[in-house]
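What follows is each chain in one-letter form.
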Amino acid sequence: MNPMQIKIEKANKQGKVGLIPFLPAGFPNREQFWKELEELDNAGASVIEIGMPFSDPVADGPVVEKASLKCLDDGINLAWIFDGLKERKGQFNAALLLMGYLNPVLQYGLDAFGAACKEAGVSGLIIADMPLEESDFVKEAIEPHGVSLVPLIGLNTTKERMALYADGAQGFCYFVSVLGTTGQRESLPTRIKEKLTEAKEVFDIPIALGFGIKHPDQLKEFEGLMDAAVFGSALITHIQSGNTSDSFMEPWK
Amino acid sequence: MKKGYFGDFGGQFIPELLMPPLIELEEAMKTILPSEEFQTRFTAMLKENIGRPSAITYCPNLSKDLGLDLWLKREDLNHSGAHKINNTLGQGLLAKMMGKEVLLAETGAGMHGVATTVAAAMLDMKAVIYMGATDVVRQEPNVNRMRLMGAEIVSVESGTKTLKDAINEALRRWLADQENTHYCFGTAAGPYPFPELVREFQQIISKEARQQFMDRNDGDLPDVVVACVGGGSNAIGMFHNFVPDESVKIVGVEAAGTGEPGCDDSAPLDHGTDGVLHGMKTKLLQTEEGQILPSHSIAPGLDYPGVGPEHAHLQDIGRVDYTTINDSQAINAFKVLSQREGIIPALESSHAVAYAIENKDKLQGKSVLVCLSGRGDKDLGILDQIL
Chain A
1 MNPMQIKIEK ANKQGKVGLI PFLPAGFPNR EQFWKELEEL DNAGASVIEI GMPFSDPVAD
61 GPVVEKASLK CLDDGINLAW IFDGLKERKG QFNAALLLMG YLNPVLQYGL DAFGAACKEA
121 GVSGLIIADM PLEESDFVKE AIEPHGVSLV PLIGLNTTKE RMALYADGAQ GFCYFVSVLG
181 TTGQRESLPT RIKEKLTEAK EVFDIPIALG FGIKHPDQLK EFEGLMDAAV FGSALITHIQ
241 SGNTSDSFME PWK
Chain B
1001 MKKGYFGDFG GQFIPELLMP PLIELEEAMK TILPSEEFQT RFTAMLKENI GRPSAITYCP
1061 NLSKDLGLDL WLKREDLNHS GAHKINNTLG QGLLAKMMGK EVLLAETGAG MHGVATTVAA
1121 AMLDMKAVIY MGATDVVRQE PNVNRMRLMG AEIVSVESGT KTLKDAINEA LRRWLADQEN
1181 THYCFGTAAG PYPFPELVRE FQQIISKEAR QQFMDRNDGD LPDVVVACVG GGSNAIGMFH
1241 NFVPDESVKI VGVEAAGTGE PGCDDSAPLD HGTDGVLHGM KTKLLQTEEG QILPSHSIAP
1301 GLDYPGVGPE HAHLQDIGRV DYTTINDSQA INAFKVLSQR EGIIPALESS HAVAYAIENK
1361 DKLQGKSVLV CLSGRGDKDL GILDQIL
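In order, the protein sequence lines correspond to chains A and B.
When we follow our numbering, the leftmost residue of the first sequence carries the number 1, and every step to the right adds one.
When we follow our numbering, the leftmost residue of the second sequence carries the number 1001, and every step to the right adds one.
These are computed hints drawn from the structure, not numbers from a lab.
Being a predicted model, the structure only gives us computed values, none of them experimental.
Don't be surprised by glycine CBs; every beta carbon is placed ideally from N, CA and C.
Please note: incorrect hints may appear among the correct ones.
What the hints assert, rightly or not - Pulled from the structure, derived: some chain B residues nowhere near chain A, Cβ distances all over 10 Å: (1) T1031; (2) K1164; (3) Q1286.
Unchecked claim - In the EDC-like style, the derived pairs of lysine to aspartate or glutamate whose C-alpha atoms are separated by at most 20 Å in a straight line are: (4) K1003(B) with E1288(B); (5) K1161(B) with D73(A); (6) K1002(B) with D136(A); (7) K1003(B) with E1036(B); (8) K159(A) with E1288(B); (9) K1002(B) with E140(A); (10) K70(A) with E1288(B); (11) K253(A) with D204(A); (12) K200(A) with E221(A).
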């Protein structure tokens, strides 16, 4: 079983929602990034999602985009991410996931990317600009290295398409809570419950709710329909305000 | 060939959340587009509102100067001043018949934004236009036209503030507003089915031009067909019906920027590499690490680091030759065509005209048919600072 699934299910067995914080690699700066990862890990993250900065992140809202572009300006690239993770391999309790866009991964080389993930202890990958129709060649390249492609679905994904994504899916399913980009919302769409119910019927791996999540209180109405929560923009904003990852994680513990 | 691909290029590299509207659009292409109702209404609008067929024009003075026969396919004579209206009216009508209320578009030079706004007004729809902040300044006449005709203009401040970033923001808007909104993609690029859909609406350029040229030349075909290539919609329209004609040499002209070594340019087919951006696998200007490089051209409509996937394929199979023209060569063509024929070409189209001028020695005695994709009034502000 993929480590991401193991970690989320472990949290669920303890009566908790799996926590999946997202930070762009190199944010807020090269040194501090690794300290933030440690804090997130110590605070009980099930999976840590590390953003691979890309120049044209169409699925991201302004907070993530701005943070990612700053990381690119600071020279962050895949080699830096893999080198840093290799140095720290075995030090994280959480499973590690890389999230980004296809082009940098393609240029790195798919097989080399899979091998580097394995060497760095990364067990999952999310590609924001790659739907089911284009995913086979990526899966075929990374799965032999023990890296799972996490499906990304949403409010407008039909149950039939969910079933196609669910076939052979590993780790967890990322359910996007809004029609739009990443970023905090004051309220979440009412259709989420209905669609989460469909997803629960289709997937036999954990379901994580992401996009627009900023506080655990938002999740109460979805109890039993989701197993983990992903939060990025709220965490980034919290750190940008001079706070720590640890204090952000406090209400989630 | 895999659906949505031209050889190795094309595809649908977009977030899952955009797949339902793309699937809906693909379905509409199969059902609404061939319907008698659509075809009747569209054909009538092409004639009555756009002024099709557009003329082909022989250029006697320049032909004499250059020692070749120069012909122009006059898309600049279309209502709203460019080839863009063929596509926006087609997509607009399709969207209207799909039940959409809003036409969303990105624009570089502003011509696609103007054409989308015209289509929206004609079809009683709302137009929302995304435009890079840099382009908003350098294409002010088009911004004013769009505002006058009722469009909502969104100035994009992110990234390089040009077409690439306008596309990013328009895609984000579409993610959020997909139920009532059709993304009227402006060029033969992006995720499937856009490259095929835009080509379908633009191929009328070569359908008309081919017949018009033969009618004027005792059934002969031109020796060379030329068009400028940014995203590539006027070019794919100009090339499509000539591709099977083996005797016709087809040339696509990309923008070389200033032409200085190491300058930013807009020529991914000339020296880009394979990659994925804006929903398609194509040739891109990018770093070795896959970050998209800033592009440049004096012609805003060519200022794009990617290109439609069919062009990458046509280059791959050797059917079309792609070359470059730099800013100063395009400006020269802009002036020469204006002064010798009384036709002010768009800076984009000036790149195609410049090909004939710069290559006159090897084109001696040949017939050269150039797609004049748009008129140059919009560029006078840019040229005021240079001329």
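So, going through the hints one by one against the coordinates:
1. A cut-off of 10 Å between C-beta atoms confirms that T1031(B) is not in contact with chain A; the least separation is 19 Å.
2. Non-interface call for K1164(B) relative to chain A: violated, since the shortest CB-CB distance, roughly 7 Å, does not exceed 10 Å.
3. Distance to chain A contradicts Q1286(B) as a non-interface residue, since its nearest Cβ pair spans about 7 Å, not more than 10 Å.
4. Between K1003(B) and E1288(B) the CA atoms are separated by roughly 29 Å; this puts the pair beyond 20 Å, and the hint is violated.
5. For the suggested pair K1161(B) and D73(A), the alpha carbons sit about 17 Å apart, so the restraint of at most 20 Å is met.
6. At most 20 Å may separate the alpha-carbon atoms for a hinted pair to count; K1002(B) and D136(A) meet this at roughly 13 Å.
7. Among the hinted pairs, K1003(B) with E1036(B) is inconsistent with the structure: their alpha-carbon atoms are about 26 Å apart, more than 20 Å.
8. Of the supplied pair hints, the one linking K159(A) and E1288(B) is violated, its CA atoms being roughly 39 Å apart against a limit of 20 Å.
9. For the suggested pair K1002(B) and E140(A), the alpha carbons sit about 18 Å apart, so the restraint of at most 20 Å is met.
10. For the hint pairing K70(A) with E1288(B), the CA-to-CA distance comes to about 19 Å; that is within 20 Å, so the pair holds.
11. Under the criterion of a C-alpha separation no larger than 20 Å, the hint pairing K253(A) with D204(A) is inconsistent with the structure, at around 25 Å.
12. For the hint linking K200(A) to E221(A), the alpha-carbon distance of about 15 Å falls within 20 Å, and the restraint holds.
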